[in-house]
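Respectively, the protein sequence lines represent chains Z and C.
So in our numbering, spot 190 of the first sequence is number 190, and the numbers just go up one at a time.
So in our numbering, spot 176 of the second sequence is number 176, and the numbers just go up one at a time.
Just so you know, these hints were derived from the structure itself, not from any lab.
Just so it is clear, CB atoms sit at the ideal spot from N, CA and C, and this is done for glycine as well.
It cannot be assumed that every hint is accurate.
Said to hold, decoys possible - Straight-line alpha carbon distances no greater than 20 Å define the calculated EDC-like cross-link-like pairs of lysine to aspartate or glutamate that follow: (1) Z:Lys126 to Z:Glu88; (2) Z:Lys249 to C:Asp85; (3) Z:Lys86 to C:Asp85; (4) Z:Lys249 to Z:Glu78; (5) Z:Lys201 to Z:Asp34; (6) Z:Lys48 to Z:Glu88; (7) Z:Lys69 to C:Asp77; (8) C:Lys231 to C:Asp18; (9) C:Lys229 to C:Glu401; (10) Z:Lys278 to C:Glu232; (11) Z:Lys201 to C:Glu283; (12) Z:Lys244 to C:Asp85.
Said to hold, decoys possible - These stretches of chain C come out as covered by chain Z in the derived footprint (C-beta under 8 Å, 3 or more residues): (13) 79-86; (14) 213-227; (15) 255-263.
Spelled out from the first residue to the last, the chains are:
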Amino acid sequence: MNTVTKMLTASGLALALIAGPALASEHKQENAEDYAFSFEGPFGKYDKAQLKRGWKVFYEVCYSCHSLKYIRFRNLTEPGGPGFSKDEIKKFIKENEIVVDAGYNEDGEPATRPARLSDAIPNPYKSEAQAKASNNNAVPPDLSLIVKAREGWYYPWYSSPIIKLFKGNGGAEYVRSFVSGFEDAPDGEEKEGLNYNPYFKGHWTAMPPPLSGDDVEYSDGAKPTLEQEATDVAAFLTWASQPKLEERKRVGLMTMLFLGVFALMMYAVKRALWAGVKH
Amino acid sequence: MSGHSAYEFKNPIARWLDERLPVLSIVRGQLVDFPTPRNLNYWWTFGGILATMLVIQLLTGIVLVMHYTPHVAMAGDSVEHIMRDVNWGWLLRWMHANGAAFFFIAVYIHMFRGLYYGSYKSPREILWMIGVIIFIVMMATAFMGYVLPWGQMSYWGAVVITNLFSAFPYIGEPIVQWLWGGFTVGNPTLQRFFSLHYLLPFVLAALVFLHVWALHITGNNNPAGIEVKSKEDTLPFHPYYTMKDLFAIVVFLMFYAAFVFYSPWYMGHSINFAPANPMVTPEHIVPEWYFLPFYAMLRAIPSKLGGVIVMFSSLIILFFLPWLDTSKVKSLKYRPLARQFFWLLVIVCLTLGIAGSQPATGAWLLVARLATAWYFIHFLVILPLLGFIEKPKPMPASISEAVLGKEAA
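Isolated chain C (complex conformation) (with noise of 0.2 Å):
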């Protein structure tokens, strides 16, 4: 699946083109001839439209910054200036706002069809290594993000962040003085944030670039969860996929034009629209709630050094999942079991996500610790013990078998 395509150009520039810079035969081998499991259902779209929202956020970002000034004196007074001054420059914001959001929406489906159909169990370790990692850059990416308006929120939750990690012994305060630029989050603060949230996204789209790199390597995983055999389990990407995506894409942007045109800032803080204020301490800091479930997890934690520890696990415990699931089965199609431990860890991280919106205390705080425990059961305990105590369902012989029936194969 490496290499590109043996096709011959008949346009004489492009082939004059080709035989001087292969560009054109691989966009056709890996974009338009590239073989593509025939039973890819729509889970799978979610891979184009995450390409898409990079695409929305990096273009809307760079004519954004155009108007913005990152100055904890200026920053406020420049967003109003876009939202009711700069020519469109309330869509671009409200777009750009809501595209964040929306990024982290497909990135969950993206992440737990992965979860549901096996995509990280041999050969694509490497591929979903990298997915994680993009996960963990966007997650930075756009918590600078929110801090650049320098409203309540964006202070406060900048705040409590660059507070985590002072948890550390010795080495924290010094980090936590060299991430503020000071002694306290102020001016240098919101300027590297803001140097950082302009370069991350490019660091994203290389570590995209590597994704899809990866991908086009092992070939896509499917319901099926069976490796291709031969050609007859395939179709090529153009036209079949692409026009799959594009339709899913367009669907995908309907919800996400409903938001931006009629309740643009539904999904954010009502109080980010009071300025930044050292002195006032809002009554409830909360991020934004992509964040949820890891905010739940830090303040699950008695310790500030264990909830740190503890959030930050939750994210590297999925660089060792290819090794934590024993079984060689990959769709949860065949694993009844598993099946029904992962509607819980669903359930376990939706509930983590409401936890970490509700104050720390109480019953809620009971609830946050209950569902922390269990995801690291989840991925410590359960998945390693499943691939020994589990007996699969019977599997298909191919994807072709799977599809067409037994009389096809």
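If we strip away everything but chain Z, and leave its shape as in the complex, we get (with noise of 0.2 Å):
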């Protein structure tokens, strides 16, 4: 070993040994329960049945406050999504009589109209200001991209990199974790309006538990448990925020075959270029 290699050897152990215990101590988060959702990986698909019964939890238990403004309907009954048949949605229009604004009438006060397969799902409330005001003050937030805003993993910090390089970032996980995660605060702690969970940034949400199991009747004979609940609401937001994954990774491996096929060929053409030359 060279002089300058010594040093930087020595350096790097002297710093882990300061750095190392000043980190482990900032983080309070929990890292999200790992699961093995059908859409991860290279050649992951969404489960239909599994994107129409987080709708069910979705529209029953989550769309009571929370907006989910991207999503029309006729998304849901586009190709990489739930599947539902444009009937299904129209008749689930129908007999939730889901209206959306349409500005106002001949006397002049606000008209709505029974919703179309192209409106946005409307938000629940009518004003931000009436969102405070149901939700001790605290907006609930759109969940469209919730699943892309947040993430699963955050310690130790040298290897989550690497992890989301696999797993990606953990938002469904997190959504998962989080919406089933609620508990008692460990030494009995208790705050007005606020309520205990262990996988929510500073433990301490102003949302209450949603979901305690037997939230929703599912058609397709599953059992609505906890985590059965928490796990298909988690795919059903993967979707939400993300309606082209299956596409993407569609596209992605036409395109990397492509490009493997492609630098071969180009590889055997610099070589056969270059035989008779030195360089």
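Join the two chains into one complex using the hints; note that each chain is given alone, in its own frame.
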């Protein structure tokens, strides 16, 4: 070992010793519980039945407070999604009497009309002020991008970039752990209007536990346990945040194959060309 | 190496055109016949890779602009419109976002290649300095591009970076308000960033033209760091280097595509999917990974003005590199001591990157300070001294001797 390398190793070790303990104490938020979703990996796809169940959990539970503004009803019928038929969704809109704003009627009163497939899912609240007033002054976030906006793996800091490379950011796992992770605070502490959840940043959230098991009735025979509901709604919200995931991976495979073959061909050309040339 | 090739075009239309405007001979002289050292290795393919990335960024960017709305109330929605409703919009957006990151990966490799083989030394000082300007313009372009989706990190990144200018006494405050177009980061800021983000890539293209022009005046440096002496030392650019570059470009695109299709926001920040909220400050405000070493330097200095000066100096210092390095030998292949310091610098820069991603307290602050100090010591002390202390290894007389061995020379 030469001098510079020696100096380097020594100082690196010294830094690791100082830095290690200082870093360990900072994190409070629990890593999400790992779960093997069907849409993970380069060939992963959504489980249609699971997305349908997740939609039910979303609509009957989350939607009482949370909007999903980037999803239009037609998206629920499109390829790469839950795969409802158009008639099913039209019937659903009718049965649930879902209406959207339609400006003002001839008397100047605010008017509504039944939702169409092309409409975005309407906000459960009429205004931000109403959302605030109904939720202890905290506006429940829109869930269209929640899976992309959250992460599941926080520490240790040096391995999370590698875990993310293979498992993604862990947003789906975060949602799954969070909605099923409410519990009593370890020291029995209670806070007015707040609930304890080890997966939440700072551990105390204004959101009450949304699920307890048997919150919905599944039509496909799956048992609506707490874990099942949490998993299904996490999968549904993943689709809501990336409705093009299946298309992306399909085009990705074709692109990688094309580039791979192209690279091999170019390598052969380059080799043949340079064969007689010293370089 | 200047001027055009003496080639007589056989096609009568080509000849007719070329006699009136010699574009064809220029292309032929500069892109086909151009004499290129025969010993260039794969580290030299990153120039072509960078040109490819610039074209990808321009093309995807021009189409994205057709669907994007630069307004604080609509920017985020228009980006999601691109992602969900525009045909192939998700592909354009992820190609553009990851394209920026891969542009930086390529430019960092390109720059460290220049450092290793002494490509900044006479007669290539201007070539190198144009390169440094390109790097700085790239950074400005990338920074403003990251603001456009108007997410949490977009907004707070813009707040932190524009606020740097407030560090200057007296003129700081007016400069910041002038940059913002108001009294806080707001809609005017977003709109001017959008305007400049569209303008600067064309400035970049012009700078790249100058960079390539300067390259074609001096010719390529090469792994031996010896100037071309005879025809024996070179090969025509086409087909030898066009094909080698193309192969390297395709391999590079495979790494790029792997991120675009399989991990498209790995290099971004999850929190940027939450819309900008001036009332809620994110726990850690961090720039894109390619700015982290500079961010670490900024925060390493206890005074704000000092940090700003140190950060900008780390870039300015690169302009003086051709004169700070006192050794006549270009390639580190023949400089055993400088080679060790080169790798130390690589490690120091990576360390700065990691330190920049961590909160600037405790041990990480110390690491950032030591690494920042070493960055400047390397350029201001080590490089000037090494030229006097170091005894270079014996060098071959010419490129052909380096490649073909003594008997052929």
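Hint check results:
1. Z:Lys126 to Z:Glu88: Distance of about 26 Å is beyond 20 Å: violated.
2. Z:Lys249 to C:Asp85: Roughly 18 Å separates the two Cα atoms, so the pair holds.
3. Z:Lys86 to C:Asp85: holds, 18 Å
4. Z:Lys249 to Z:Glu78: Judged against 20 Å, a Cα distance of about 17 Å means the pair holds.
5. Z:Lys201 to Z:Asp34: Roughly 18 Å between the alpha carbons, so the hint for Lys201 of chain Z and Asp34 of chain Z holds.
6. Z:Lys48 to Z:Glu88: With Cα atoms ~15 Å apart, Lys48 of chain Z and Glu88 of chain Z stay inside 20 Å; holds.
7. Z:Lys69 to C:Asp77: holds, 10 Å
8. C:Lys231 to C:Asp18: Between Lys231 of chain C and Asp18 of chain C the Cα gap is close to 27 Å, so the pair fails against 20 Å, i.e. violated.
9. C:Lys229 to C:Glu401: The given pair, whose Cα atoms are some 11 Å apart, holds under the 20 Å limit.
10. Z:Lys278 to C:Glu232: holds, 11 Å
11. Z:Lys201 to C:Glu283: With Cα atoms ~10 Å apart, Lys201 of chain Z and Glu283 of chain C stay inside 20 Å; holds.
12. Z:Lys244 to C:Asp85: Between Lys244 of chain Z and Asp85 of chain C the Cα gap is close to 10 Å, so the pair holds against 20 Å.
13. 79-86: holds (count 3)
14. 213-227: n = 0 at 8 Å, threshold three: violated.
15. 255-263: holds (count 6)
Against the hints set out earlier in the document, violations occur for numbers 1, 8, 14.
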